[in-house]
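Colleague: Residue numbering for the sequence shown is 16 to 484, as defined by my numbering.
Just so you know, the hints here were simulated from the structure itself, not pulled from any lab data.
Have a look at the derived ranges for each label pair, beta carbon to beta carbon: (1) 83 with 319: 30 to 36 Å; (2) 288 with 106: 56 to 62 Å; (3) 382 with 228: 22 to 28 Å; (4) 58 with 119: 35 to 41 Å; (5) 434 with 232: 25 to 31 Å; (6) 106 with 127: 25 to 31 Å; (7) 381 with 127: 49 to 55 Å; (8) 300 with 424: 33 to 39 Å; (9) 97 with 381: 37 to 43 Å; (10) 441 with 310: 52 to 58 Å; (11) 221 with 390: 18 to 24 Å.
Straight-line distance between alpha carbons at most 30 Å, and here's what the computed BS3-like set of lysine-lysine pairs gives: (12) 306 with 56; (13) 302 with 56; (14) 56 with 237.
Small disclaimer: the values here were computed from a predicted structure and weren't measured. Ideal placement from N, C-alpha and C gives every residue a C-beta, glycine not left out.
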Amino acid sequence: MPPSSCPKTRVDHAMRGASAATSREPARCGRVAYLLQVFPKFSETFILNELIEHQRQGAAVRVLSLRLPREGRFHRMLADLNEAAEYLPEALSDAPGRAAEALWSATRHSPRAMSRATWGRLRGRFTTRDVWQAAMARRWAERRGVTHVHCHFGGYAARVAFLSRLMGGPSFSMTLHAFDIFRRDVDAALLREMIETSAFTVTVSRFNERFLRDVIGASALKIRVLYNGLPLERFAFHAAPRSSRTIVAVGRLIEKKGFTHLVRACAILAQRGALDRCDIIGDGREKDALKALIRELGLSGVVRLTGPQPIERVAAALTEASAFALPCVAAQDGNMDALPTVLLEAMASGCPCVSTRLSGIPEIIEDKASGLLVEPGDEAGLADALERVMTDAALARRLALAGRQRVERLFDVRNSVATLSDWLQSAAADSAANADAAASSHDGRPSRQITSVVQRAEAPGEERACEPV
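Work out the full structure: start from the sequences and follow the hints.
Modeller: Quick look at the structure:
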């Protein structure tokens with residue numbers, strides 16, 4: 016079954032909305048929007064789950080995307096969203112008049128901050144596109160009555176939200192995940208500035224919280240830990256004995272997922288006669304290298320790269336396999352997984368999980384209680400653990416039951432979104448109140464907060480390489 020196509024009317028509506036946002040809407044108690052780099056993105060089901068749950072709980076959350084999706088595949092549950100996303104122009108040539116108007120509006124509101132952001136670009140930390148899209152995002156929020164925006168990841172979208180805030184736009188928050196924290200080319204000084212300027216910053220594990228505090232130097236007062244949630248009704252629990260010796264793995268085919276180690280572990284299992292099949296679901300830049308390794312090890316009839324699949328096919332695979340493997344490692348650039356959503360999906364489905372002692376993974380799996388953990392890169396240990404769950408039915412059932420219970424207790428999307436929604440609505444209301452107060456006393460000069468943040472961001476010795484867009 017191929018991934019479903021995005022409903023055409025939804026895409027058309029979204030594109031029209033990008034240029035039709037001209038009527039000003041009152042903020043009243045404040046309104047929330049998500050500001051995202053690309054929406055929808057096939058691999059980011061956790062964002063789509065979050066938006067759908069906001070809607071189910073009665074929260075009206077708009078979505079503004081900085082780029083159009085170009086993957087050509089979409090999950091069917093995208094159709095569950097009642098309101099289409101809106102899109103900013105990706106190039107100045109797409110809407111030069113609107114961009115100029117937005118930049119002029121931002122300049123009038125806060126000339127000093129706008130001047131420094133536009134011409135100095137905060138000592139090279141921002142691109143020209145960051146600046147004019149931030150101005151357009153500020154204008155969009157003003158016209159839509161949006162007083163707070165939330166971003167996922169601390170990269171492109173977060174920089175735009177941060178700049179928009181400096182220009183007098185809505186307050187912002189962000190959820191920090193993995194590459195945006197751990198990669199060695201992350202601009203730690205800029206990330207600290209964004210965290211300090213945010214209304215609050217969410218991160219998805221205690222491990223991340225410690226890293227942000229101890230390595231990035233972020234203020235603990237701004238950081239809140241909130242686990243990604245899972246819509247449990249989409250993952251039926253099947254803990255019945257599974258006869259075949261099959262492994263399933265899901266994820267992008269990139270270094271940090273550790274699939275090279277999984278293929279080598281499969282070679283060990285095949286030599287023992289302990290493996291019928293291993294399916295690796297996903298796509299990525301290591302696809303060709305993995306294919307070559309499979310051929311080299313003589314596993315062409317055993318290990319299959321099935322390509323990306325819609326969530327329905329993933330859920331079905333998780334109910335059929337004897338074991339789920341996610342052998343995460345730290346990549347050479349420092350990147351690593353933080354709290355892999357696919358582990359939650361496997362545990363919710365009753366598929367016994369084997370993963371590694373890395374980052375936030377032990378916060379999902381309690382070793383020998385709700386799954387098995389091995390050291391990153393330990394291929395023999397990985398093979399042993401997978402063989403155990405495929406051959407010991409009692410162990411597999413015990414891990415499956417405990418895994419489902421743990422996901423229900425800690426990773427239910429209804430609970431995580433309810434908490435996040437409270438935080439977002441509170442920030443939106445505070446921002447609306449502050450905007451009303453500022454409007455009644457504004458004297459045409461930039462606020463002290465905006466000037467202070469810009470000055471701190473341009474402090475000597477703070478310059479670092481900007482993350483490539």
